[in-house]
Each structure stands twice: as structure tokens, then as C-alpha cells.
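Colleague: Using the hints, put the two chains back together into the complex; each one sits in its own frame.
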Amino acid sequence: MSADVDRVLEREHVAGDRGAMTPALYRVVERIRETDDVTTLCLEPLSGTRMEFRPGQFNMLSAFGAGEAAISLSGSPRDPGPLRHTVRDVGPVTRTLSESGVGDLIGVRGPFGSDWQVGTQHLAGDALDRRDVVVVAGGIGLAPLRGAVDELVVASREGGGRVFLLVGAREPAQIVFNDDLESWARQGARVLVSVDRASSQWHGRVGLVTALLGDAGFEPANCRALLCGPEIMMRFTARALVDMGVDPEAILVSLERNMQCGLGWCGHCQLGPFLLCRDGPVLPYAGVVRELLNERER
Amino acid sequence: MTSSIAELVAAHPFMAGLSDDHLAVIVGCARNAAFDPGDLLCKEGASADTFYLLRRGRVSIDVHAPGRGPIVIETVGPGDVVGWSWLVPPYRWTFDARAKDAVGAVAFDGACLRTKLQDDPAFGLEMLSRVSSQLLARLQATRMRLLDLYGDHRER
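As given, the protein sequences belong to chains A and B, one line each in that order.
What the first sequence shows, in my numbering, is residues 1 to 298, in sequence order.
What the second sequence shows, in my numbering, is residues 1 to 156, in sequence order.
Worth flagging that the hints you see were computed from the coordinates, not collected in a lab.
Ideal placement from N, C-alpha and C gives every residue a C-beta, glycine not left out.
There is no bait here: all hints are sound.
Not the full set, but computed from the structure, chain A residues with beta-carbon under 8 Å of chain B: (1) R170; (2) A198; (3) S199; (4) S200; (5) G207; (6) L208; (7) I232.
In isolation and in its complexed conformation, chain B is listed as follows (with noise of 0.2 Å):
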């Protein structure tokens, strides 16, 4: 059975108790998104004009190093959310984000979404709590890294 992109979005983990107002509003803005293994979702340095949930497959965010080839700081699956850059200027991405698998996605228009955030500021509050706790989620989880917790930390 083929379901409604607004029961996609509604389904997703990060629109999990949206109102059924808040939710009409958003499928608005919303299209059924599909990746083959490798391919970009974003591309650092290009426009960030998406916001995507994923669900199903796994992406990897990447940064490119010169003589490294691709680094993955990160990989992402199904309920997780991809791309913040949509909504602070100058939307442009700083990674890649590379499907690792075939990807099924919720893809958002992010001009679309822009505008619906500032014409509704409550539908606004209630967007950037969610998108702040995912990026609170990944900035602590990126801080534990930070410290380096397998490495070998005693004095010889």
C-alpha cells in the first residue's frame, strides 16, 4: 500500500505530537525523495535548499581532505533528520551527505519552509524546538568524540 506523503511525515519520529494543523502545513512544503548508493543528498558549497527525514537507509556525512579522500564524520539512518543549513544564511551545506544505501527520504522544500516558520510563529517555535533538540543531540554526541574516549590517555 502507497502511502500519502502526508502520512510520511506524520509517521517520522521528528514530527512525532505535530498538530494536525501544524502537520497541513508542512506537508505542503513536502515531496517523496529517493536515493540511489552514492548518491548526494547535499553537496558542500551548494545552495542548502532541503531539509530531509529520513526513512530508510543509512547516509554518511562527509567532508573531502586532499590526500584523504572522503571522511565520514557521521552516519544517520531511518528517524534521523539531515541538513540544518536550510535555515540560517547563507543556506549553503558545509558536508556531503552520501546515501550509503538506497535511501527513502522526505525531502522539504526549505524556501517553502522558511516562509511558512516566519508567517506562523508558533508553527515556527514549535519547528526550531525540534530542530534545536536534534542539533543539541548531535553537538553533545560530536563533543564526546571531541575527547577521544577509546584512545590511550595515561602517561607512559
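Bound-form chain A, shown alone (with noise of 0.2 Å):
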């Protein structure tokens, strides 16, 4: 982005409430590239303080002349620095994000939607949810839940459920977050990896993220599960894991449609009864979800 157009953005930013369908300002202060074509985000606001957010929302970004994409926010809201994004290169808008460099401006509007309901928020007093957590994500799937395995490993720690985290990608080089993977491990959950192809270089798995499940060693019967990535992988994994006798009621998936108000105005991202930006991307699998994730779309 040229420097004239960042001055004049600038100029024109002003603090405060400025409606749902204005993006606030917001700088890129870190740039990670996590594989080839996976890069992280990292912004601050122009003015005001951070946002809050829960993890699995999700915000609008805009790339300036080029467009505004829907992308998954990738921080834990425990980690008071900077918002997080991952973004994968897929189009026009999602490229022109992931070049942009420290230092550039993004607009961001949010946080929008459902989440994992992992805070302490979503528990009666102080209880502690001590069922086992199996977490399963499928390639950039695992960045929506990057904030919520954070909290569930730290209230592992505290006496909460066991977690075990299973990470399907297509090969080595496609797996994000591995000092993630590395860290969550090294605190007490049960991080599984395997991918779809290898040379004989990978000591790691390789095979499908459902060929996992087994291993992992959860106890079915009191667990709640997670699940983000391909619709096709989570509608498997779904269908393991209620076989493997988990309540589809446990059971939350993360949907994605074409996003585009993120406020469930304009129906773009309409699915059955569902508008995903405003009543999911995080939805149970129990019910209409499951149905839905059985039925043909054309």
C-alpha cells in the first residue's frame, strides 16, 4: 500500500464507535510465514485498545483495494499483545493480505460469531469442565482453534478434562503452529500428527487424521470434541467419534460459508436454517448440523 494512502487513512481514522459495518484500523506489526502459502498477522490498532474476543470467532479484514475476507482469529485472548490471523493464500483478497508487511494497514471489523465455548464464561461458578477434550483439526483448520486448545491446556492444568489434539495435514511442510504443537505437548496434552504424504525423512504418522482417533486414548463416553478443517474431514471425524460412542450432543464443528456482512444481513453465508456468520462458524453437530453435513449441496 502506497504511503499516501496510508496517510490519508489515517487522517480519516477516528476512535470510537464507528458502526459494525466500518472496519477499524489496525497495523501490522508482525508478519509470520507459517508454510508456502500460510501467513500470520499479527496488528495492532491504530488508536483505542485491542478488541476482546473468544476463540473461534472470526473477524472481516480489508485489503485495501482489493477486498475483504472473512478470516479466523488465531490468538488466545490469555495473550495480551497483538490480534492474530492466519491466513491462507486462496484468491485475490487472501493474497494481498498475506503480503502485507509490518508496518501496513488493515481494516478489521468484529469479532463475529459463535465460539468454542472453552472460557470460564461458559461454565456455572467456578467449576471446572473435567471431561476429556479431543481437539481435531485438518490443515489451516487448526488456526480458529490455536486460542481455544490455550485455554483448554492451561485448565487441563487446573484440573479441568484431558486434552488430546489431533492435526491432520497434507504433509510436513503444511503443518502450522509446530512450536504450538511443541508447547501444548509439553504441558500435558496428548498431541497427535499425521499426514497424507511423507518421504521416509517424517518419523511422524502417515495416514488419515481419523486413523488417530484410536490412539489417542480419550475416554469416549466423557469427552466433548472440536473439530475444524475440511467440511469432508469433520463430517468423518463426526461420524468416528459418535461410533466411538461420544455424545453428538459433545460434538462442535466449525462451518464456513461466504461470509460477508458477518452481522446475518445479507444471507450470503446462509446454510439451512443457519446464517454461519452471525449463528455459527461454531455450531454442535448434533441434529440439523448433522444433517446438513450429509446432505448435497449444488
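Modeller: Shown next as C-alpha cells:
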């Protein structure tokens, strides 16, 4: 972005309540290359305080001159630092966002949508959820789960349920957040990773992520599950979990369609009875969602 | 405490629920086997004469590609089985199976097993059902991976 445009945007930027359709300006303060097509942008507000959010929610990020895209928050609410968004380059907007450099301005609207229900605000009093938690992430699907896993690992150390993180990726070079995976494992989470293809230099597992379910060691009758990744992966993983004895009500999935307004106004992200930007992206697998996942869309 | 081969066979998930009579039949073809990391359990093109129940350690199913070295198709571990080719002519391995760690397994003589399956059709059906179940699970997983789930399938 040119310096002139930057100056105009900064001059016109007014802190305060600007309405949900008007982006707030954030500056890129760090850019982390996760894989060859995945980048994490760390953003700080140009003025005022950083927004509060819950893991699983998303923001609409504007790349000025290119457009707006729904991008999950990949940071932890516990981290007081910059907002983190992890972007996969899949089109003109996400490519422009991915190529943003330190110092560039990005428009941010949000946070929008539902969350993974892992924070203490979802529990009565000071109770801890002691059920095992199975987190299954496929590819970039780990990004919306990153903050949730942080919360769960901390809760587990304080007496909450055990955390089982199962990660699937196309190949070893496509695994994101390797440092976090190691850190979570050191803190007691059981972390299993499987890739679809690998050379003999890869010492981890090769196979479908659902193959990890049987080895994880969680207690199906007393667990909850958070799933995020390609929809086919979530469909098969949810089925496998139910077959193992997990209550469908205890499974949450993150669904994505064409999010545009973020407020449930425009209807672009409708899926059955849901407007995913407002009612989702995180929804219980049981009931309507299970039917919708099995329905053939045109 | 050292377990007998009959106990090792009976304890493996693949054999769960098998009757004592059938266990007694199959144990006659079994022996204990151990492999160091890097050892081959099966070698592509070689005679397929063994069926393995994995007890510990992981095994990679590899294929060698010129210029690319071994490509790992799948890894399997404790509770899994290795090798179907002993069951179907021409009884030849189509992939390498290599120990990734120290591997403990129960190895069955393929020719011995085939004879037992032919001699006792009820036992044969029982074993083929179990093998088919494993084959189906592997086939479905392979089909899923053919979809390249994590790839970028959107038009740019």
C-alpha cells in the first residue's frame, strides 16, 4: 500500500463507535510465514484498545483496494499482545492480506460469530469441565482452534479435562504452529500429528487424521470434541467419534460459507436455517448440522 | 512375565472375540517376531509368506520411487495388521513394510494359514471377515486421502 493512502486512512481514522460495517484500522506489527501459503498477521489498533474476542470467532479483514475476507482469530484471549489472524492465500483478497508487510494498515470488523465455548464464562461458578476434550484440526483448521487449545491446556493443568489434539495435514511442510504443538505437548496435552504423504525422512505418522482417534486414549463416553478443517474431514471425524460412543451433542464443528456482512444481514452465508456469520461458525454437530453435513449441496 | 504365543495372539485387537477353538487353530501357525528400526517386514516383489499382528512399534508402508527415494504411503502401529498378499495369488508383496521403531509382532506363516482356512470353512469365513474389515477401513481411508482434503480446491 502506498504511503499516501496510508496517510489518508490515518487522517480519516476516528476512534470510537464506528458501526459494525465500518472497519477499524489496525497496523501490521509482525508477519509470520507459517508455510508456503499460510501467513500469520499480528495487528495492533491504530488507536484505542485491542478488541476482546473468544476463541472460534472471526473478523472481517479489509485489504484496501482488494476487498474484505472473513478470517478467524488465531490468537489466544489470554495473550494481551497483538491480534493474530492466520491467512491462507487462496485468492486475490487473501493474497493481498498475506503479502501485507509490517507497518501496513488493515481494516478490521468484528469479532463476529459463535465460539468454542472453552472459556470460564461458559461454566457455572468456578466449576471446571473435567471431561476429556478431543480437538481435531485439519490443515489451516488449527488456526481457529489455537486460542481454544491454549485455554483448554491451561484449564487441564488446573484440574480440567485432559486435552487430546489430533492434527492432520497434507504433508509435513504444511503443518502450522509447530512451536505451539510442542509447547502444548510439554504442558501435558496429547498431541498426535498425521500427514497424507511424506518421505521416509518424516518420523511421524502417515494416514488419515481419523486413524489417530483410536490411538489417542480419550474416554468416548465422557468427552467433548472440537472439529475444524475441511468439511469432509469433519463429517467423517464426527461420524467416527459417534461410532466410538461420543455424544453428538458434545461435538462442535466450525462451518464456513461466504461470509460477507458478519451480522446476519446479507444472507450470503446461509446454510439451512443458519446464517453462519451470526449463528456460527461454531455449531453443535447434533441435529440439524449433522443432517446438513450429509446433504448434497449444489 | 513372558506371555505365551497363544496369549499374545488372543490379546491382539484383530483377534478380539475369536473362539478358543479357532484361536487354538491359528496359534499353530504363529511365532513371535521382533524387528529393529529400519528392518524390513515385507519387501516389494518378494514372496508374501507372512501375516503380522503388530504389538508394539510403528511400521511404515513404503514404495520406492526413482529419484525420490522411499515414499511413505501409510504408517501403522500397535493393534494394526500388516500384509494381505499372503492371501491372494501370486502371493507377492506389492510394497515395502519397514520398522520405524523397535517393533514387536506376532508373525503367521502364510501357507500354514491358507491351509487352515481351506480346511475349516467356518474358521475361513471368520478370518476373511476380519481381514475384509481391515481392508475396507484402509480402502476408505485411502479414498479419503485421494480427495486431497487439505488442498486448495477453490478457483482463483
